[in-house]
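Enquirer: The residues making up each chain are set out below.
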Amino acid sequence: MDVFHGLLSGFEVALSLHGLLFVLIGVTVGTFIGMIPGLGPITAIAVMIPITYGMDPALALLLMAGVYYGAAYGGASSSILLNAPGTSEAVATSFDGYPMAKQGKAGKALATAAIASFFGGTISIIFLTFLAPTLAKVAISFGPPEYFALMLMGLTALSSLSDGSTIKALISATIGFMIATVGIDSQTGTPRFTFGNAHLLEGIDFLVLALGLFALAEVTSLIITRKEKVGKSNTIGSLKLTKNDFKEITPTVGRQSVLGFVIGVLPGAGGTIASFLAYISEKKLSKNPDEFGKGAIRGVAAPESANNAASGGAFVPLLSLGIPGSGTTAVMLGALMVLGIQPGPLLMGDHPDVFWGVIASMYIGNILLLVLNLPLIPYISKVLKVPRPLLTSLVIVFCLIGVYGISFSTFDLFLLLGFGVLGYIMRLVHFPASPLLLAFILGGMMEQSFRQALTISNGSLSIFFTNPIACVLIIIAFASFLVPIFKTLRRKAKVDQSVDM
Amino acid sequence: MKKIAAILLLVFVMVISAACSSSSSSGKPEKTTKSNGEWQPEKAIEITAPSGAGGGWDTTARMAAKVLSENKIIDQNIGVVNKPGGGGAVGWAYIHSKKADPYKLFITSPPMLLVPLNGQSQFDYKDFTPIANVIADYAAFAVKADAKWNNLNELFADMKKDPSKITIVGASSPGSMDHIQFVKIAKAAGIDITKIKYVSDQDGGALTQILNGSADVYSTGVAETVEQVKAGKIKVLGVTSEERLKGDVLSDFPTAKEQGIDATFVNWRGFFGPPDMDKNAIAYYEKKFKELSDSAEWDEIRQKYGWDEMYMNSSEYKEFLKKENNEIKTLLEELGLAK
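So the sequences go chain by chain: A and B. For the first sequence, this note's numbering gives the first residue as 208, with consecutive numbering after it. For the second sequence, this note's numbering gives the first residue as 47, with consecutive numbering after it.
No lab work stands behind these hints: they were computed from the structure. Mixed in with the good hints, there may be bad ones.
Claimed, not checked - The following label-pair restraints were derived from C-beta to C-beta distances: (1) D209/A x K194/B: 34 to 40 Å; (2) T388/A x Q168/B: 20 to 26 Å; (3) K344/A x Q168/B: 55 to 61 Å; (4) M262/A x K118/B: 18 to 24 Å; (5) G165/B x S669/A: 33 to 39 Å; (6) I258/A x E365/B: 34 to 40 Å; (7) D497/A x A384/B: 55 to 61 Å; (8) Q168/B x I682/A: 44 to 50 Å; (9) E373/B x F402/A: 28 to 34 Å; (10) E373/B x F672/A: 40 to 46 Å; (11) V604/A x E343/B: 38 to 44 Å.
Note that CB positions come from ideal geometry on N, CA and C, so glycine has one too.
Using the sequences and the accompanying hints, generate a full structural model.
Expert: Pasting the structure below:
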């Protein structure tokens, strides 16, 4: 069956009354779940499994897929408005989204996020439609040495996440690495830094860390600086993007959608890593990197287009190989098995209605999400008009319930508070929190793939250099690490003045 | 303005209560034993899956709960609660605190033996009440379709020659199921198990490593291999069941036993209760899980997941666990992993 024929039959499924209804339910549920910290798409889909039992498998999958990419869409709202990311994929969005909201440009930030998400999602579906079987080869081309090299490349961007002192960024990253090692080490089965506490055996959840460092720290400083003049933070501003804005974000959305999609295709990498890498690479490419972190519109567009593109990319290994690249797609795979469908290399031939139905539904789902989200922006952003004392308490409640929802354990709440305190102290002494998060995300995977590679090669480091993809990535990593150092040295020689912090 | 705050709050409360509704049935154990020694549940029953949503435990528990209520095998509501953490240890600690409460069951499988033996849980299977086992699943060892080995004996012969050349990959850490199931068979084949090169890779990475040739042997569950075998991407060298499995591709997989390796590995899954459960309550649940196991709906679910039927009542279950535990303990001690 050729692509167009397949896609047409897919639209037949997706545009049926039931199809449309389930896509609509899926994306609506997904959007709301994405907005609320702690309630992730995994939980939502797992709870849906018994409901979908006995349903037409194509419809069941398009419902679950709707929840999945809908959540990537919705996560941006709470990141931008409250600095409390609803999903880990939306953490990078808060870097510039929240400053924009503080400057009274919440409407614009939300609109940018929605539009970037729409294009990111749509571009990735187009790739998925035409290139899925080809890209399946890309998905399995990454072994442990390649993953290590990719993570290393991501890490070299650390310095670009610091606003000022690189040393402080590195210290902060080191803390992130240390936190990433907590839990059972999967290569030896040894518990590390758990202090005999069962709650720490599976490590620390990314959202606990992010909500503590961002949301709670922000709330704390809001409370402490409450006497100061508020500024424009409770105005929403215009929703409209000017021509200039469009001009600015178009190339960003274009390239970061491609990047996001490729990262999404790689099993295990996923939307969180994609959004971070998108943010960092956009900052590196920018002519005015100083604007980033202070409300740059490209800083919102980049992670949002990347994380939505990644959620489309994640369907490549799932649908064409039967390999779930993330926790959420693993749950979807389980759900499909219950329905008598085993996703795998034969899915496209055996169940074209499922394969093409899902792809077609994603086109429709993305349009629905845009139509659903844009008119909602004025209402959602009214949350900023809630009086400051109420809003801060609301954010705290949000964080606490969200974190409790991850593991249903009070232990995580104390961890959250701990990270909140850490985050506030880091703010006081001007340590950037984002390098810590980046190191946490990349560090765990980097360590594991490094050690897997060494086990496979019986301890020989040559495995990283005899392997072409890994070798190229490592060279890029070193180059992007060394070039800025030379640049600074040159600039220092010229200016010969101490830079004020 | 206030209206919007109110709406927000309402939505929020709704979502939260939906998320937590399944954990609402708490309270002290009640004496509900009738004079004739029969026990009937008088309120909602809670089944804990000591893992996150979507895993094997969670799926089995939710499916069992569904069939138990839809077939009216049990008239009370049955909620499934997730208590993730510590590979099960957090959930077990929770159940352990509900001594003798006949309304708190949990689903479990070999990690119930492995995690405590690895020293990662203070409670082991003896601290709980095994009620009934319901299903069995088996391990499969697969290699890339064009690999040079065609059966386990060829693989093990090469491993004996040079263990450093062959990498085994699984989704869980050393000392846990994917590792131990391979070790158990390898030991029976005469391999020095301390020399086995094992890497763990989660999130689908293990299968990827086989397909791209980073690792050589994939230690996993039987169900995970079927589609890949059908598509001609991998081949299964051996499965760990006693006899050949039934089913369309499954019956082609040779067992380790028929290849002259005298060992099996069962991924059993069943239901436990808290410590000191009343014997009448145990008898009640044994009967109900037997009904579940015999129902046509459960049979359909078993087939969809490729599970085998394996019902054991409480006393058979205890015996079985004791034997399994000893075998695993010996292996872990030899590997230096036992605590």
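Enquirer: Now tell me if each hint is right for this structure.
Expert: Hints, one by one, checked against the model:
| no. | hint | in the structure |
| --- | --- | --- |
| 1 | D209/A x K194/B: 34 to 40 Å | 37 Å, holds |
| 2 | T388/A x Q168/B: 20 to 26 Å | 23 Å, holds |
| 3 | K344/A x Q168/B: 55 to 61 Å | 47 Å, violated |
| 4 | M262/A x K118/B: 18 to 24 Å | 22 Å, holds |
| 5 | G165/B x S669/A: 33 to 39 Å | 36 Å, holds |
| 6 | I258/A x E365/B: 34 to 40 Å | 39 Å, holds |
| 7 | D497/A x A384/B: 55 to 61 Å | 56 Å, holds |
| 8 | Q168/B x I682/A: 44 to 50 Å | 49 Å, holds |
| 9 | E373/B x F402/A: 28 to 34 Å | 32 Å, holds |
| 10 | E373/B x F672/A: 40 to 46 Å | 43 Å, holds |
| 11 | V604/A x E343/B: 38 to 44 Å | 41 Å, holds |
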